[in-house]
Every structure is written in structure tokens, then in C-alpha cells.
Amino acid sequence: MEIEVHVSARLQAESLYKVFGRRPDQAVRRLRDGAADRDELRAEGATAAVIDASFTVEPGEIFVVMGLSGSGKSTLLRMLNGLLDPTAGHVRYDGQDLTTLGDRELREVRSRKISMVFQHFALFPHRSVRENAAYGLEVQGVPRAERVRRADEALALCGLAGWEKSWPDELSGGMQQRVGLARALATDADLLLMDESFSALDPLIRRDMQDQLLELQQKLKKTIVFITHDLNEAMRLGDRIAVMRDGRIVQNGTAQDILLRPANDYVASFTQDVDRSRVLTAGELMDTSVTADDPGCHCVTATTGTPFTELCAISARLSHPVSVVDEDNKLIGVVPLQRLVGFLGDERDATPEPCDSPRDKGGEKVTARA
Amino acid sequence: MPRIQLGTWVNDAVDWLTTHMGWLFDFCKTVFLGLYDGINAVLQAPQPLLLAGILAVIAFWLRGTLAGVLAFAGFAFIDSLDLWENAMITLALVLVATVIALVISIPVGIWAARSDRVSGLVRPVLDFMQTLPAMVYLIPAILFFGTGASAGIVATLIFALAPGVRMTELGIRQVDKDLVEAADAFGTTPRNTLLRVQLPLALPTVMAGVNQVIMLGLSMAAIAGMVGTGGLGGDVNQAIGQLNVGLGAEAGVGIVILAIYLDRMTSALGTQVSPLGRRTAARLRAAQGLKIWSYRPRPAVAVIGVVVLALTAGGMGVLGGGAGTEAAANGKNVGQGKKISIGYIPWDEGVASTFLWKEVLEQRGYQVEAKQFDAGPLYTSLAQGDVDFQTDAWLPTTHAQYWKKYGKQLDDLGAWYDKTSLELSVPSYMKGIDSLADLKGKASRFGGKITGIESSAGEMALLKSKVLKGYGLDKEYEVVDSSTPAMLAELKRAYAQKKPVVVTLWSPHWAYNDYDLKKLKDPKGAWGKGDGVHTLSRKGFADDAPTVAGWLKKFRMSEKELTGLEAEINKAGKGNQQDAVRAWLKQNPGFADKMAPVKDTGGSTPAEAKRPLDVAWFPWDEDIAVTYLWKNVLERRGYQLNLKQMDVGPVYTGLASGDLDLNFDAWLPYAQKNYWDKNKDRLKDLGTWYEPTSLEIAVPSYVKGVDSLEDLKGKADTFDGKIIGIEPGTGEMDLAKNKVLPAYGLDKEYEVVDGSTPAMLAELKRAYAKKEPIAVTLWSPHWAYSDYELTKLKDPRKAFGEGNTIRTISNEKFPAEYPQLTKWIKNFRMSEDELGSLESEIKNRGQGHEEEAVAEWLRQHPDMVRRMTPQ
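Each protein sequence line maps, in turn, to chains A and B. Mapped onto the numbering used here, the consecutive letters of the first sequence carry residue numbers 518 to 887. Mapped onto the numbering used here, the consecutive letters of the second sequence carry residue numbers 3 to 873.
If you're looking for bench data, these hints aren't it; they were derived computationally from the structure. Glycine included, each C-beta is placed from N, C-alpha and C at the ideal position. Mixed in with the good hints, there may be bad ones.
Straight-line alpha carbon distances no greater than 30 Å define the calculated DSSO-like cross-link-like pairs of lysine-lysine that follow [stated by the list, open to error]: (1) B:K555 <-> B:K541; (2) B:K179 <-> A:K682; (3) B:K596 <-> B:K612; (4) B:K179 <-> A:K630; (5) B:K845 <-> B:K794.
Which residues of chain B face chain A? A few of them, derived with a C-beta cut under 8 Å, are [claimed, not checked]: (6) V199; (7) L203; (8) L278.
From the derived model, a few chain B residues whose C-beta atoms are all more than 10 Å from chain A [claimed, not checked]: (9) A78; (10) L249; (11) L264; (12) P548; (13) K562; (14) F593; (15) S696.
Sequences and hints are given; from them, build the entire structure.
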């Protein structure tokens, strides 16, 4: 990957607004001034789909936009490649303001720099798998032979070698979406917009596809904006997650931020059902008030990235809190058993209390913090 | 409510359009006619069965073996019904209308699919076009585009456009939005989105629209027969007009076969051109396995098949000899190397006259090609314009069938030899038999047989229907259908054995040279006057080569000259005809200059005869009679008449627009008052040729006690309270409703039922057969009075008014353009006897033999030609 000279991010959205319906500009003004809210506008015949959305996406990052249907996430995505024209605000890609481009330049950007994967695959039924994968290249005007070569490469990358001559309707849903992914990858665009790309798939296949996407991402290091309504998926894939509600981004942060520090009750209610054990890592759980130059014993240690389940396993084998070390083997925090159990129960800073009526008169339980 | 003058506005708009936008309509007309003529020429060119073969190969390719076989059978069937030419005309009409409809409807459909505003605008227009009754715009179409193919195409177009637009719009709109977005997301230009994504996916729907366009076009093409488009629609229209159910059914079946073929082919084509359709079909075939009935050749094979057949078809037209050319005599090079092709039948006088003309024209600097044909193919080639002229047409009798079939596409340049005769002949050793009358009572000597020729020949028909009856021989003798060679063989055999024989023969014929024969005299003139040997040219030849046409028109040969030339040619032998001609010309100095005078190019016909006259006729007996009478007479005077059969409304419109020249059947001042009043400023009344006529209500004579209109009173129960009417809006209907019924106090009891003339006649026929009481609106003269016994109800109160007279009307420029003809027409009168006898002659000969009937009738009324066209 070429090193960016820009200090700024790869993709930057600056207070994007999208209002459908009547007098959109006026609506934006009133929204900015706080003179009207979404419901008032709706009564007047204007639908504010996206309100004041700003975020940045760094190169090689998977940025997930999560929200329920109607939250404006698909509208937001379509403003990023100019399929929809923002009512207000700017989209900068590699420093270039897409909102100022004409139709022709915008098409050029879409054909070479930004590609897209759709929820319902959107494969062309009158084209073979190979022709579908080569579609973007055809639009770019790449000669046939090279087109076929690159399409076949992209298909192979997505695990579809040997299916080139098949037709879309002969493939399963998962395979069809791989074709969709191959079509997006074949153009060598750096930015991939994925619109609920895995939502229409069976849960098992969806998982496979997520794994494959992560695997591909390791190799290709694309910049990806991924839309989903599934928090688990967002947590699995997203380096950073923006949660949208009623057109606004209500929180923007890492999976752990969302999970552990929800910006409001809405986000919190979202995260309730999340299987934390899959998301939380030692870095999130550890008590950072305990530090030292080394763990102090030769027991098994954890790193910040050690997932919750593994921490539990380690903790079960130790009689003391698990030590968390960095690359230099410095102790940066500890995870006591209580904390582990507490996080499962949504009790963040659990401090053990002595039992009122102990069953046996044993000595005081060890509760000391390491 | 105030009366909104919509009708007036429309009238004004139409007037404005005709005066100010004429150039646009003329342009459209040129385009339409050009396309139509082109396609029609291509379809008419090959032999019917070859084209049927080509169409069958296309069916074979698109749908499989069974479809191919059925297509061939269907088209062969059309050919066997003698409807081939008309079917091809209809096909050409539909194809042109379809092509134009698609050129318009697909872009409009695409536009409508991309813009809701356009869609909203287009939809009501389409509704309007589809539901507006065809008659409403069929007649105005004549105002703008004239009668014939272009008006038919426009009417078809208007009717057939809607499904094309709708289906295209629907097809594009129903393409998955996701796919369009995907294309957009990859930076596809709108144009490419349309071409690469939307259209391919919309194709099955669009093709369904094309299919609908063709089907609607075909159904409309039949209706458009009313404005003189000809084709199967014309046949249907004529059949309805004459209540000829059989002909109607034949033409109808022809249309159905065309419809089925076009429907199946376009739907199969839909599958073939759309990638998705191809895949579905392939999968289906794979599932079924290969079957002989559904076997389809590869496109390449089919294309080769079509090309081979097409080349064969093209090749057949080119076959025929091409003799060398001679340098033109100095100073007389009129032709400047212009190419002329002459067709001839290998009969002595044909060969002689053809090679004579070939030599003379080559002397005048033309490049002449002489092609030998059989009579049938010769007429076909001539009609198709492959051959410029031929000199051996025996008219009006012998070649009547060909003339009937192709006459419209040919120009008669007049007779150059008129001493021919038809006769029965016996060997001279048959003593005591010198005249037809002598045959009576001698049947046993001849075995009761007269050896005839081809049953289709005009001479045979004349013999059977007239000659034998005329001499009371029809009970005694049987005319044996055979062929010319067989007759000659029979004559030769009998002659050699000196046996009695009587044969059908004609003069000139070499048999009279070879055998000693007696032509049986015909004191009663039953054979009529002999045929003339005519020169016929393809239509428009006179315009292309006026000089040659002028020479041909003046061409005459005496018997001595002809026989002398024939003898010279016979002596020289085959292949040396032209040398013989040269030798003969040397013996007859000055003959070439007489045939082809270099300076004088004028003709004996009035100058005004140059342009063909467009004469419209209604399928009513008196009009058929008078129109064909004028056709015959005027063609003797060098005029050319194009006859167009049409409905009343279109005729008046066509005359007013100047598109038609004449109509001989204007019932004025009452019956066609409405039409006349509407257009009278642009029409000229050339006077009455027949009177009196009357309008009346008639009942079958078996309805007793009803003799006058007054008698109808109180008998409403008998007639179910109905008087069967004709087309609403006609003068007679208005009179019956508004005047006659009230005058006799019948308006409370009876209702005059709107309908049409054919429907009224059909109802009359039905009721008459069952002897049911019925009252119909009728007029005199009408053939119904001869077919059924009807009582004209007396009209003592003269409520129907005084009788109409039948007049000739023309467009307003006619009298100025045709002063001579106008004078003739103004002086023209016919008596009831004359009209009656002519009508019955035509009726007896049957439909399609009008020209023969007129020729025969003129033979019986020898002064008629001079009376009609005094010179």
C-alpha cells in the first residue's frame, strides 16, 4: 500500500445532510439552527434522512455504520459515492471534494476509486459470472483480455475459481455475493462500500462471508465502509463503528466503546443482547491501576487483545488475577476474576462484599487487589 | 349547458393542417410509400412458393421443424387460394407500419420510462389513440395522406403504436432498481445503462410489445382495406360489400395464416434476441432432449438456406436470353443506350413483332433484351416491372384471366393487330358443314365431342357459355377440356385418318397453313368480335420511356406484313430471328421509320390522357357496371384508369383532397347529401347519367297486404317494430327517421335500426329464406330486386322526396385538367335497359370477370363507345 502524503483521512464526511421532499435547503437550515426537529419536518412533507453526519475513515480501516432500518445509514452510504447528492455538507475522498464534481467526473471516481457491494447482490442476470465480475472493468474501458484475466483473479480471490462460465441464477446466495464482492474488487478501487452486504444470507453463510472478508482485508488492506443492522456483525468486522438513529450518528467509536461506554440509553439498549464474551478483550477489562515492569510471576499472562473467553480459561487456572502485559512484557493491568464475572452481568466495577452470614467461619476471603 | 363547438374546432384544425402542413404530410407520405413499395417489391418478386420456402426456413430456424413445415403449408395454401399477391401486399403494409411504429414507439417508450412527466403526458395520448374508433381517423388520414397504402399505414400506425410504447416503458421500468443502481455505482453512463442493462433485460417485454404491434397492425390492415389499401383487407371489404361469404372467408383465412405466422415468429424472435430467453430455451431443450419436431438448425445454416433460396428467386428473374446489341444508326440515336427489355411468348406473331421491335429499337440506339416466357410468367414479370413491354397480348378475351390478375399493374398500349378471331374449325373434307348452325343434329358424326383446349382459356368459357347455347348445340355436344397441344395432336391424328373432328381454334394460327381447315361461320356473332393483339407495358413505362411508348401506341401491322415477316423468320430458323427481321426490313423500306419516327413522338390519344386517372368505386352493382364500362371505353382512347374500391366517406374525402379523380356513383341531391354538402366546395358535379332512382322501404312480396307505407300502420307486431336500416347518417336513413316515419305516423310504432348495408342485406337474406316478415330500407336500382321478390312500398305522400339522380363527381381541378373527358362525361347517359343488361352481364360472369363482361356487353352495344367518347 502506497503511503499517503495527506495527513487527512482517506474518507471524510463533513456534516452531511440529506433531506428528501419539499424545500430541503430550508429544512437543513432549520435543523442546523435547532429550529425544527425531524418529526416537525416530516409533518411539513420533508424527510430528513441524514442529519449532520460527520466522520473520518482511515486507510485500511473497516468503518461500520450500524443502525436499524430507516435510520439513514443506506442514504449516508449513497452520499459517499455520489449516488445521492448531499443536501448540505461535503464528502472528501483523498482530499477531493466529491460534492463539487460534475456527473462525468463523479462517474469516473465511481468507476475507478470507489466500488460497491449490495444487499441483494444486484448481479446482472443476463451476464455470466465472469462478465459480472468484469463489469466494472468494462465500464473503465479495459481491453477484453485483461478484463477477463483480472475478473478471473478477483473471482479466485473470492473462492469462485472454476465458476466463471456459470450464470448468477445457478449459484447459491453466498456464492452470488462472492461474485458481487469479486465485481467490486476487480476494479482495484481502494474504497469499498458495502451495503448490508451479508444481511440477506443465512446466518452460517453470513459468518463465513465475514471471515472471508476479514481474511481478504488482511491481504488487501482496502478501506471499507460497511453498513449493517446487526450489532454482532458490526462488532466482528468494525475497526470503528458509528451507530445511527433517526438520521443522526449517536455514537462513533470502537466496538468496546460502544459496548462499554454507550453514549446514551438507545445505544445501551442496543448492546444489551450482545454476547459480550465475544467482543470484550483484556484491554477493555483490565484494572489499569496496577502496573509494574513485569508480571511478577511466571504464570500465564494475557495481552490487551486476548478475548474474554480465553481470559476466563486463564483465570480458572490461576489463583490470582490475570496479568495483562504489553509487547515488552511490562505489566499494564490485571483482570481479577470478579471483574470477569461482573462484566458478564453488566456490573462494571464489581467490588466483592463480605457475606453477611457466612456458612462457615473461615478466614477472610482474599479480596485484596493483587 | 353551452354547446361546445369541438367538432368545428377539429374541422378548422384539419383544414389548417391540410393547407399549412401539407409539406410535412407529403414528406411522410413519400417515406411511407417508399418503404412500402420497396418491401412490396421484394415480397412480390420471387415465385410464391420460393418465398414461402424462405419464410418456412425462417420458421424452421426460429421454432423448429414442425413450424417450418406448417409455415410452408400455410403459405402454399394462401397461394392456392389465389391470394398470394394480396397477402404480400398486406404483409408489406403490416411490416412497414410495424417498422415505423417501432421506430417511433421504442424511443418514446424509453423516454417515458426515464421521465415520469413524459410518461404522464404520453399515457393519455396512447389511450386516445387506442380507443378512438378507427373510422374516425381513417377518413381524415385520407385528407392528409391520400388514399391507398399511405393512409392505411398511418391508420395502422396510430392503432398499433400504443402497445409498443407501453410495453417498452413497462419493460424498462420493471428492470430491478438494484441493477440500475449497481450499474450507476460502477460509473456506467446513462446511455450504457440503457444499452447494457435496461434494454437487454427489458427485451422480452419489448418483444411482446413488438408482437402486439404486429398483431394490431394486421387487424387494422384489414380495416384499412376501406381506404383503398388493397391486399387481403380489400378482399374482405369487397366480399362484405357484395355479401360474398366465400371470398370473405378465403381472405379472412389468409389474414389468419399471416397473423399466426407473424405472431409465432416474433415471439420466437423475442426468445432468440434476449440473452435470458436464449438461456431459458436452451435449458428447456436440454431437459427435453433432441426431438425431430423441435430440431432447429444453427443460425448459419438457416442464413445459408435463406440466401440460397433468395438467390434462386433472384436468378429466376434474370434467366432468359440476352442477345447482342447493334450500334445505332447515326443521327437516330434516340435511345442513348437506354435499356429496354421485351418479353415474348414463343408464338409466331409474338416472335415476329418482338424481334421486329428489338431490331428497330436497336437502330434507334436502345439496348434491347428479348426474353422468352410462358404466358403466365410473362404477365407476372411485366407486372413486376422486370420486363418493359410485350407485344403479344390477346385481349380482351384470350388473355382475360391474366389481364384480370395483372391488369392493374400494366398499361395497355393498344392493339397493333386486330384481325384475330376465335372459332370452331373442321377439316375441309367435312362436306356440308360450313357454319356453326350446320353442326346441329350431326353430333353422332363427331361422337358428340368438340375438342377443346385449356379449360381456363377465355375461348373455352365463351364457347361453353355462349356459342353452343347460341346455336342450340349445348345439349348435343360436349366440349372436352384438354390442352392446346392435345387439341392439335387430336386434329393431326384425325386429319391423317380423314376422320371427322371439330376443334376449338383461333386465327392467326399455323394450323391453317399446315392443314386444310374450314373456320365455321358464326352468323349470330356468338363469338363476338375477335381479340386484338395488344402491346402491354409495365405500369409507368410510358413515363420512363415516353418516346418508345408513343411509338408502340401507334404501331400497326397488316395481315400481309405480319405473315410476310413470320414466313421470313420461319425460313431463317431459330436463333436467326433478328437476321430475318433485318432482311424483311430491307424488303419493306420505310417500315422502321413508320414504326419509330424520330421526330414525331405524339400519340393519337389526347394529351390529357398521359396521367392515369384514379377512379373510386363502391361495391354496388350500378357503380361496378359504369366504372368498368368507362374503364374499357377510356382505355380504347388511351387513358389509363386506376380503379380503387372504397367506402362512400373515403371517396368524398379523397375527391375533395384531390387524391382521387372521379366517382361515377354520386346519388344526389338526397342520398349522399351529407357528404356532398361537407365537401362541395372542392368537388365538381359532372352531371347526371342515370335517372330516375328512388329510395324506399321494401318488404318481401310474401308479406301480403303491405303495398304502401300507409299499410305498415298497426302492423308493428308483424315486423317486431323494426325497419332494418343501413349506415346511420346516410341521407336515406335521415329521411326515413325524420320524414318518412312521422309522415305516415309510424314513428311511434317502428324503429329504424342503424346498421350497415351488408348487415341489412344479410338480414334480408336470412328473413327471406325463412319467409319471415321483414321491412328494409332499400333503393332502386338495386340487385336485391332481381334476387328476391320484393315489394317497394308506395309513398303517396312523397315523404322520401323526388328521386335522386346518379351523377359523376370529380375533384375540383378535373374539368380544367381533362377538358375532353369532362365533355364526354357530361354528355354521358345510360338507359335503364342498358344499365340493367350491363349489370346482369357482370353478375352472370361473376366477380373478377367484370372486364370480360363489359367487353362482351360493348360488343352487343357497338355504338356505345362512339356515343360515350365521340371523336
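The hints, checked one at a time:
no.	hint	in the structure
1	B:K555 <-> B:K541	holds (14 Å)
2	B:K179 <-> A:K682	holds (25 Å)
3	B:K596 <-> B:K612	holds (22 Å)
4	B:K179 <-> A:K630	holds (23 Å)
5	B:K845 <-> B:K794	holds (22 Å)
6	V199	holds (6 Å)
7	L203	holds (6 Å)
8	L278	holds (5 Å)
9	A78	holds (39 Å)
10	L249	holds (49 Å)
11	L264	holds (26 Å)
12	P548	holds (59 Å)
13	K562	holds (80 Å)
14	F593	holds (75 Å)
15	S696	holds (71 Å)
Checked against the numbered hints given earlier, this structure breaks none of them.
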